[in-house]
Amino acid sequence: MYTLWMQVVVLALAPAQEGPPAEEQQLRFFESRIRPILAEHCAGCHGPRKQKSGLRMDSLAGMLQGGKAGPALVPGKPERSLLVTAVRYRDPDLRMPPDGKLADRDIEDLARWVGMGAPHPDRAAVGVVRRGAVDGEAGRNHWAFRAPVLPALPPDAAGKPVDAFIDALLRSKGIRPLARADRATLLRRATFDLIGLPPTPEEIDAFLADPSPDAFARVVDRLLASPHYGERWGRHWLDIARYADSNGMDENIAHGNAWKYRDYVVRSLNADKPYDRFLLEQLAGDLLDAEGDVAVRQENLIATGYLALGPKVLAEVDEAKMEMDIVDEQIDSVGRGLLGLTLGCARCHDHKFDPIGQDDYYGLAGIFKSTRTMENFKKIARWYENSLASPDELARKAAHDRLVAAGKKEIAGLEKSAAADTKKELQALREQVKKLEEDSPVLPSAMGVAEGVVADAAIHVRGSHLTLGDTVPRRFPRVLAPDAPPLGGSGSGRLPFARWLTSGSHPLTARVMVNRVWRWHFGRGLVATVDNFGFQGQPPTHPELLDWLAIQFVRDGWSLKALHRRIMMSEAYQRAGGTDARAMEADPENRLYWRRDVRRLEAEAIRDAMLAVGGTLDRTLGGSLLTVKNREFVFNHTSQDKSTYDLRRRSIYLPVIRNHLYDVFQLFDSTDATVLSGDRATSTVSPQALFLMNSDWVASVATATAGRIVQADASKAGRVARLFLEAYGRTPSEAESRRLLRFLEDGGTWQSLCQAILSSSEFIYVR
Amino acid sequence: MLNLSRRRLLGQAAVGFGSLALHSLVAAEDQQRPHFAPKAKRVIFLFMKGGPSQVDTFDYKPRLQKDDRKPLPFEKPRVQFSQTSGLLASPWTFRAYGQSGALVSDLFPQVGQCADDLCIINSLHGTNSAHGGACLKLHTGSDTFVRPSMGSWITYGLGSENRNLPGFITICPTLAHGGTKNWSSAFLPASVAGTPMGNAGSPSEEPRVKYIRNPRLDPDSQRRQLDLVQSLNRDFLESTGPDSALEARIDSFELAFRMQSEMPAVMDLASESRAMRRLYGLDDPVTANFGRQCLLARRFAEAGVRFVQVTHSNTDVQWDQHGDLRKGHERNAAEVDRPIAGLLRDLKARGLLEDTLVLWGGEFGRTPTCEGKGWDGRDHNPEGFTMWLAGGGVKPGIRYGATDEYGYYAATNRVHIHDLHATVLHLLGVDHERLTYRYAGRNFRLTDVAGHVVKDILA
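One line per chain: the protein sequences are A and B, in this order. Taking our numbering, the leading residue of the first sequence gets 1, the next gets one more, and so forth. Taking our numbering, the leading residue of the second sequence gets 1, the next gets one more, and so forth.
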């Protein structure tokens with residue numbers, strides 16, 4: 001259901017210049033020089049018989065109206081005319097005629113003719129055909145572009161608002177939901193959900209022994225207070241931030257300071273930093289007033305790493321293209337990540353489905369182009385980093401530099417006096433200075449952005465910087481902010497942009513985030529297309545619930561932890577898995593939440609859970625594990641693999657090397673760290689089985705697990721029970737216990753048994 | 001006992017390596033069938049990393065030979081990777097080969113003898129003059145976005161012919177310049193990603209699929225362990241109720257177990273005769289490394305792997321002679337000439353060349369103008385370069401398209417990378433405009449919104 005956005009507006013062309021001689025001369029020029037070129041070289045494909053790309057070059061009207069790529073001609077503006085771009089062969093994607101460049105003189109004449117205002121005998125009769133604006137009115141009626149309205153709660157909602165919305169829909173379909181899951185299942189579910197690790201046997205015992213009605217609520221509070229919460233949910237956010245420790249793309253250079261942003265995310269989530277503040281810092285932290293607090297200032301600067309972390313073609317030889325590609329990556333990440341909008345689609349043309357015009361895109365592009373992301377664009381280009389140096393550090397560095405300078409001066413002096421006995425002294429001094437230089441303190445810095453050269457951006461016709469159209473003032477997309485004036489001013493506009501997103505009345509910001517959190521708890525969003533709330537996205541299954549959660553989220557001061565509690569305390573979250581014939585019939589995909597779906601753990605959680613069960617998980621928080629220095633190649637032309645993953649730290653701390661992700665993570669569908677993804681896939685492929693069956697890594701974890709189990713209990717049955725508790729979070733049935741003991745009796749080792757348990761579905765999946 | 005679903009049966013019968021993921025099964029029904037009768041059933045892509053020079057190999061330019069060291073009489077491209085000076089004549093002699101009389105330089109005497117089987121396209125052009133961008137463009141059709149590799153698209157469209165092997169294998173690929181992105185499935189199902197064996201930094205003697213061998217358990221003990229895993233998996237499935245992913249998981253373990261024995265068998269070259277090893281150059285240390293890769297490629301093709309890529313790259317960027325052109329190209333060509341000719345002859349003798357498409361080329365060509373001071377280097381050139389095809393439904397013994405008189409720009413019958421992709425798909429019986437995948441709200445293609453089948457080279 002989308003409307004045709006293009007409106008074709010026919011305007012009368014301004015009357016031609018007075019003065020017959022000039023006009024006559026110009027027309028003669030057209031007839032003698034231009035018409036023959038067009039007839040011979042263009043009209044074959046863009047004429048009466050064929051209209052390739054919907055374009056006709058045999059009439060003025062045809063050229064003005066243009067084809068799929070836009071108007072061929074802007075009278076008086078050769079630099080903005082695709083015709084001129086095409087014949088000049090400067091844009092590799094638009095070269096006409098295709099099988100050979102025109103003679104230089106022909107090209108010059110065409111450009112001159114356009115510059116004259118395209119004199120043509122039909123001129124008086126033809127109006128200019130201009131593409132009109134996007135239809136904002138129809139766009140604003142799309143559900144996601146209207147501000148959420150607090151829905152009335154269903155009558156029996158007291159104390160359980162989430163369930164009220166869920167149950168109302170289930171009732172209307174005649175589906176009876178399944179009962180609450182048993183306690184052991186619930187604990188394993190909540191623990192993996194919030195901290196990405198299995199519950200320990202002690203935690204299981206404590207919860208099973210706690211009869212109080214608020215026992216589960218206290219479990220949720222305990223987990224939300226754990227420092228591992230930030231690691232688990234920080235990893236989710238890093239999926240949205242397309243976080244990586246290397247650039248990837250063509251020149252795979254280390255993001256040596258990206259880890260500071262990653263640790264910032266973990267800290268922010270652990271502190272339950274309000275989501276509006278969290279976004280404000282990431283989009284415009286450099287512009288926020290830290291009120292003189294150095295630590296706050298550093299945190300704000302680190303946060304802007306969000307905008308800087310994207311993959312860049314650093315050896316792009318066309319510097320103007322590189323700059324716009326970087327801006328585009330930022331717009332795409334902010335668009336889909338924070339707004340659930342595929343804004344990037346409007347780079348080359350008006351959005352095909354959503355009411356986002358190309359001018360809306362370049363209104364935003366102006367903001368990011370006015371933002372400094374790069375130090376320079378020379379290949380291999382360098383990204384910009386904000387200095388985090390404290391006054392002390394700066395002073396120490398300056399003192400060190402002075403020392404080196406003094407040493408050099410002394411050397412120069414000694415070099416002049418050529419006396420033989422100074423030779424040894426000189427040698428010693430040189431070594432000393434060299435050592436000093438090597439030990440020069442490296443000032444701390446972090447990838448991030450600053451204000452750049454502030455300027456509005458021009459529309460790039462067909463997305464190419466080689467054909468620029470009108471300049472658009474920096475502003476927000478009209479469909480979302482119809483009345484907002486252009487930004488103007490001396491700043492890039494990033495701060496107003498961030499404030500607009502987090503104003504609390506923005507129709508998308510809160511909805512998109514609560515939907516993400518729901519997705520990470522349930523495996524599917526209320527809006528299934530979590531990164532796309534536009535016309536091509538799915539409508540919400542529970543629109544009122546989505547709005548209610550979004551509004552409450554803002555009212556709770558944008559607290560994510562409050563949102564987790566709301567969701568996890570619902571019956572919908574706590575339901576058992578299993579099946580029911582009637583419900584299966586009515587809702588086989590469980591879109592209405594009549595049961596809990598089984599879900600496979602994410603790549604990182606699989607690894608962390610194995611290390612936890614093996615007892616070798618290193619729970620240290622934060623820091624960098626990169627083995628290469630900032631801006632060094634992680635991969636150059638040599639294909640030498642410098643990465644190592646033989647580490648026991650939590651998965652979130654393993655370096656994320658673009659183009660060369662840890663293969664185990666890749667195997668289990670981690671994001672590719674190049675483009676954001678709020679909805680990871682869950683594939684089931686044989687290489688996963690090969691990894692579990694044959695890798696040294698799993699074998700080593702199984703050995704460690706076996707060692708722990710054997711030590712934990714003297715009896716075989718006791719050990720089996722312990723293994724079940726550690727890995728599955730429950731005790732084995734008698735039949736299960738017997739089967740495992742028989743495996744041992746038949747010659748299987750404890751190591752082999754543990755590997756089987758760690759490879760089995762019940763360990764890798766959560767009920 | 002569980003009532004096995006239709007999907008599960010389908011998984012057993014129709015799809016290849018690991019294609020047991022739910023979404024790929026759905027895909028299996030929709031796709032996995034050519035749109036029209038294919039000429040080629042599989043592809044072997046011989047990738048010359050770094051950019052071999054067209055004017056020193058398959059694109060003879062008499063004017064260039066004559067105007068050595070003179071300035072280029074027309075404009076160089078708007079963007080260039082490095083600065084170049086005047087024209088540099090090829091240091092190598094060209095000879096006419098076979099009935100077609102194709103001119104091939106002395107760098108490729110063996111391949112020259114196969115000239116009557118080659119369809120040489122002299123008018124390729126791309127868009128990117130840096131290795132990374134050009135590699136991504138050639139492999140995925142895009143140098144800006146993360147897109148599925150050509151091998152992934154083909155495997156997605158046609159499936160694998162051998163259910164115990166991957167549908168897309170890449171032997172000793174380079175980890176630089178796009179690295180895994182060059183064989184990734186991007187948004188397509190994970191099951192159609194290229195399976196790498198070794199990498200360009202390691203010798204081809206022991207290229208291996210990771211985790212294919214169990215170094216600890218004998219087959220009986222491993223079977224017993226697997227039986228335990230599977231019994232636990234079936235219990236879990238029973239407790240959750242029907243679940244296609246959990247069913248697929250049980251199958252994936254069985255498939256993995258079968259693959260463990262099938263893969264080493266295909267890779268074991270012991271059964272190849274001495275004559276065969278000689279044909280591929282395994283008896284000579286210069287050619288042995290690449291020869292082994294080519295022989296493996298033939299064995300995989302024979303076993304039903306849909307797309308096999310062989311990369312010629314060492315720990316340097318093999319064909320990237322900004323300087324040292326004479327020595328570098330000489331050595332590179334010496335390493336591949338005999339193995340490639342051996343592969344072509346072997347495929348032909350087995351009747352495999354008829355429905356196997358062999359594709360040769362680099363990510364771009366090189367400038368006819370000289371880079372560096374010693375008149376011995378050439379810069380990257382995406383504006384005009386040569387690739388050749390053989391077998392699989394292309395006209396043999398022809399030359400198509402041409403560069404300008406110096407070999408700089410593709411001039412007549414220009415073939416863009418997108419056109420090459422469209423043509424490769426066409427030969428496989430796939431319409432490049434209909435092989436689509438819905439992602440992020442729209443349909444995607446290997447050829448994006450471009451690409452024309454080069455009809456003139458179809459047999």
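Some clues are possibly wrong.
In silico SDA-like cross-links for lysine to any residue, where the CA-CA straight-line distance does not exceed 20 Å [as the list claims (entries may be wrong)]:
no.: 1; chain 1: A; residue 1: Lys424; chain 2: A; residue 2: Glu410
no.: 2; chain 1: A; residue 1: Lys321; chain 2: B; residue 2: Lys210
no.: 3; chain 1: A; residue 1: Lys561; chain 2: A; residue 2: Lys321
no.: 4; chain 1: B; residue 1: Lys210; chain 2: A; residue 2: Pro97
no.: 5; chain 1: A; residue 1: Lys68; chain 2: B; residue 2: Pro34
no.: 6; chain 1: A; residue 1: Lys352; chain 2: B; residue 2: Asn443
no.: 7; chain 1: A; residue 1: Lys77; chain 2: A; residue 2: Gly100
no.: 8; chain 1: B; residue 1: Lys76; chain 2: A; residue 2: Ala217
no.: 9; chain 1: B; residue 1: Lys210; chain 2: A; residue 2: Ser695
Think of the hints as simulated: they come from the structure by calculation, not from any bench.
Right, here's what the structure says about each hint:
1. Lys424/A - Glu410/A: holds (14 Å)
2. Lys321/A - Lys210/B: Status violated; Cα separation ~39 Å.
3. Lys561/A - Lys321/A: violated (42 Å)
4. Lys210/B - Pro97/A: violated (50 Å)
5. Lys68/A - Pro34/B: Between Lys68/A and Pro34/B the Cα gap is close to 30 Å, so the pair fails against 20 Å, i.e. violated.
6. Lys352/A - Asn443/B: Holds, at about 12 Å.
7. Lys77/A - Gly100/A: Judged against 20 Å, a Cα distance of about 24 Å means the pair is violated.
8. Lys76/B - Ala217/A: Not satisfied, since the Cα-Cα distance of roughly 71 Å exceeds 20 Å.
9. Lys210/B - Ser695/A: Judged against 20 Å, a Cα distance of about 8 Å means the pair holds.
Comparing the model with each numbered hint stated earlier shows that hints 2, 3, 4, 5, 7, 8 do not hold.
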